[in-house]
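The numbering used here applies: residue 18 is where the sequence shown begins, and numbers increase by one.
Simulated from the structure, these hints should not be mistaken for lab results.
Please note that the accuracy of each hint is not assured.
[To be verified] So the derived label-pair ranges between C-beta atoms look like this:
| id | residue 1 | residue 2 | range |
| --- | --- | --- | --- |
| 1 | 120 | 98 | 31 to 41 Å |
| 2 | 49 | 29 | 11 to 21 Å |
| 3 | 107 | 152 | 40 to 50 Å |
| 4 | 61 | 162 | 20 to 30 Å |
| 5 | 41 | 64 | 23 to 33 Å |
| 6 | 59 | 152 | 41 to 51 Å |
[Said to hold, decoys possible] Only pairs whose alpha carbons sit at most 20 Å apart, straight line, appear in this in silico SDA-like list of lysine to any residue:
| id | residue 1 | residue 2 |
| --- | --- | --- |
| 7 | 113 | 75 |
| 8 | 113 | 64 |
| 9 | 116 | 39 |
| 10 | 116 | 128 |
| 11 | 143 | 127 |
| 12 | 130 | 142 |
| 13 | 143 | 70 |
| 14 | 143 | 39 |
Where a beta carbon is used, it is the ideal one built from N, C-alpha and C, also for glycine.
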Amino acid sequence: MEAKPSEEFYRVGRSNTGLGLFATDVIERGSFILEYMGLRISSEEVHCRRSARYLFEINSRWTIDGSPRWNTARYINHSCRPNAEAVVSRGRIRIKALKRIKPGDEITYNYGKSYFNTFIRPLGCKCQACTATRSRRTKTRRLRAE
Numbered sequence: 018m019e020a021k022p023s024e025e026f027y028r029v030g031r032s033n034t035g036l037g038l039f040a041t042d043v044i045e046r047g048s049f050i051l052e053y054m055g056l057r058i059s060s061e062e063v064h065c066r067r068s069a070r071y072l073f074e075i076n077s078r079w080t081i082d083g084s085p086r087w088n089t090a091r092y093i094n095h096s097c098r099p100n101a102e103a104v105v106s107r108g109r110i111r112i113k114a115l116k117r118i119k120p121g122d123e124i125t126y127n128y129g130k131s132y133f134n135t136f137i138r139p140l141g142c143k144c145q146a147c148t149a150t151r152s153r154r155t156k157t158r159r160l161r162a163e
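Start from the sequences, fold in the hints, and give me the full structure.
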């Protein structure tokens, strides 16, 4: 059975994309971080919900509505180069570290193609990897223009 870390290992704080979840202690690669929790709703109910931002599909029949503020995992932001992943197993969503996460690092995972195309792409991805890439491209264009 996995040991569940206390909330001492992470905190909610300001990030480039709003609120985010940050490590306060070292989280080793492969470690369980926390569980994405909320009300389990049927696929039929999903279509009636107005806000789809915190809906996490478990399978073709069930989805977890993670919108309650007590679901700390809802604060984990998207990244195109994440340091964590969401693992769906036995109807539960567990967030695990893909690599060693240092104190102060934001905990992120990839939200998937469907969510990305619906919510993130229209506004532009603001994850650290994409922001750095855009910055490098802008700098290169400026240097070429000179």
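A quick look at each hint next to the structure:
{"no.": "1", "hint": "120 - 98: 31 to 41 Å", "verdict": "violated (19 Å)"}
{"no.": "2", "hint": "49 - 29: 11 to 21 Å", "verdict": "holds (18 Å)"}
{"no.": "3", "hint": "107 - 152: 40 to 50 Å", "verdict": "holds (42 Å)"}
{"no.": "4", "hint": "61 - 162: 20 to 30 Å", "verdict": "violated (55 Å)"}
{"no.": "5", "hint": "41 - 64: 23 to 33 Å", "verdict": "violated (38 Å)"}
{"no.": "6", "hint": "59 - 152: 41 to 51 Å", "verdict": "holds (43 Å)"}
{"no.": "7", "hint": "113 - 75", "verdict": "holds (16 Å)"}
{"no.": "8", "hint": "113 - 64", "verdict": "violated (29 Å)"}
{"no.": "9", "hint": "116 - 39", "verdict": "holds (14 Å)"}
{"no.": "10", "hint": "116 - 128", "verdict": "holds (17 Å)"}
{"no.": "11", "hint": "143 - 127", "verdict": "holds (13 Å)"}
{"no.": "12", "hint": "130 - 142", "verdict": "holds (12 Å)"}
{"no.": "13", "hint": "143 - 70", "verdict": "holds (16 Å)"}
{"no.": "14", "hint": "143 - 39", "verdict": "holds (17 Å)"}
Figure legend: structure checked against the earlier numbered hints; hints not met, in rising order: 1, 4, 5 and 8.
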